[in-house]
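Asks: Its first residue numbered 6, the sequence shown is counted upward by one per residue in my numbering.
Everything labelled a hint here was simulated from the structure, so no lab data went into it. Where hints are given, some of them may not hold.
[What the hints assert, rightly or not] Once the Cα atoms are required to be at most 25 Å apart in a straight line, the calculated PhoX-like pairs of lysine-lysine come out as: (1) K202 x K258; (2) K254 x K137; (3) K118 x K107; (4) K305 x K363.
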Amino acid sequence: MLCSIAGSTIRRARGLWRNGSEGAELNLQDVLRSLRARWVTVGLTVLISVAAAAAITVLTTPMYQATTRLYVSAAAGGSVAEMYQGNRLSQERVLSYTELLKGQTVAQRTVDKLGLDMSAAALSANVEATAKPDTVLIDVSVRDTSPIRARDTANTLSDEFVGLVRELETPEAGTPPNARVVVEQRASIPTSPIAPKPARNILAGLGVGLLLGIGLAVLREALDNTVKSRQVLEETAETGVVGSIPLDKERRKEPAIAYESDNSAIAEAFRKLRTNLQFLAVDNPPRVIVVTSSMPSEGKSTTAINIALALAEAEHNVVIVDGDMRKPVLHKYLDLLQPVGFSTVLSGGASLDEALQKTRFEGLTALTSGAVPRIRANFLDPWRPRSSSARCGRGSTT
Numbered sequence: 006m007l008c009s010i011a012g013s014t015i016r017r018a019r020g021l022w023r024n025g026s027e028g029a030e031l032n033l034q035d036v037l038r039s040l041r042a043r044w045v046t047v048g049l050t051v052l053i054s055v056a057a058a059a060a061i062t063v064l065t066t067p068m069y070q071a072t073t074r075l076y077v078s079a080a081a082g083g084s085v086a087e088m089y090q091g092n093r094l095s096q097e098r099v100l101s102y103t104e105l106l107k108g109q110t111v112a113q114r115t116v117d118k119l120g121l122d123m124s125a126a127a128l129s130a131n132v133e134a135t136a137k138p139d140t141v142l143i144d145v146s147v148r149d150t151s152p153i154r155a156r157d158t159a160n161t162l163s164d165e166f167v168g169l170v171r172e173l174e175t176p177e178a179g180t181p182p183n184a185r186v187v188v189e190q191r192a193s194i195p196t197s198p199i200a201p202k203p204a205r206n207i208l209a210g211l212g213v214g215l216l217l218g219i220g221l222a223v224l225r226e227a228l229d230n231t232v233k234s235r236q237v238l239e240e241t242a243e244t245g246v247v248g249s250i251p252l253d254k255e256r257r258k259e260p261a262i263a264y265e266s267d268n269s270a271i272a273e274a275f276r277k278l279r280t281n282l283q284f285l286a287v288d289n290p291p292r293v294i295v296v297t298s299s300m301p302s303e304g305k306s307t308t309a310i311n312i313a314l315a316l317a318e319a320e321h322n323v324v325i326v327d328g329d330m331r332k333p334v335l336h337k338y339l340d341l342l343q344p345v346g347f348s349t350v351l352s353g354g355a356s357l358d359e360a361l362q363k364t365r366f367e368g369l370t371a372l373t374s375g376a377v378p379r380i381r382a383n384f385l386d387p388w389r390p391r392s393s394s395a396r397c398g399r400g401s402t403t
């Protein structure tokens, strides 16, 4: 019986999410699983986003804002009707005045008055005028990198606007103006900048980083077609798993397990694997077991040796054959001679009985790889290795 520990060739996982159905829809459990598996990605993305937000905050030049408040009134008579009409005219003028405050005429007067090193257009871009709903009040705000200059500019701009309105609303010399503007509240030196806002920027960086991290984690999990669990392996390969051996990096130093005195987790795992192999077909016990792997250096030699030792522990006569013609290591692990072995038998240089070597383990005989041939294509005829393996199987219980 031919039994492969890894099962048949593993096909690539299908679908974005490996839950046993092709093209499965995304659900909350999938997202949570992705976050658990990719928490490092999420954490790094959050850290990078927060660091970027902090850097932007530090590198951004502070901007200060000073605000004045203007009061608008229109000429009116002493009667109630005339006073109401005057109030209506004042409210109507407020909307027009807010546009004039943001214009370049009053801005140019302010630049000339203060001798500012900027154009009227540049100043206008930093002026904001807003009217309070259903009132005759206008708030004028000026932004600047200097808190003192912001205050001086706001106050001067308001004073210049008062003069501009007086000119516009006085029809003839000597007559009272139709409307007038009074500076109701002058600007003071701002104590803190309006930008940047460190707390707001950090929170924004945290939120953006979290969203990007979650999205990146979900995307990486969706595009990841590697096999990471027994369930995924069984679903992908459409076959059962015979055994699972825990990873033990220290096993490289001493690959062969001394089963007579070893009750470790890895030894028990190989014993369980031995039992599963024996019961794969009770009426037709396995005679030949092939151990392979999808990539080099995945531990197939260590696995093969310990399966053989586990079977020998159960009083089976076992022959282990090293068919690795690239980097054979069986002879090193078992302290055997390499020159005469599997390649020698395949080339007809020695008989199988002559090439077999006894090991220091009771019940275990080994056939090393032999000399590594320069041209390996001559040894790739599948019938020749199979014939030798079958002869080993006939000569041993397993």
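Asks: With reference to the structure, classify each hint as holding or not holding.
Replies: Consistency of the hints with the structure:
{"no.": "1", "hint": "K202 x K258", "in the structure": "58 Å, violated"}
{"no.": "2", "hint": "K254 x K137", "in the structure": "74 Å, violated"}
{"no.": "3", "hint": "K118 x K107", "in the structure": "17 Å, holds"}
{"no.": "4", "hint": "K305 x K363", "in the structure": "21 Å, holds"}
Violated hints, in rising order: 1, 2; the structure is consistent with all others.
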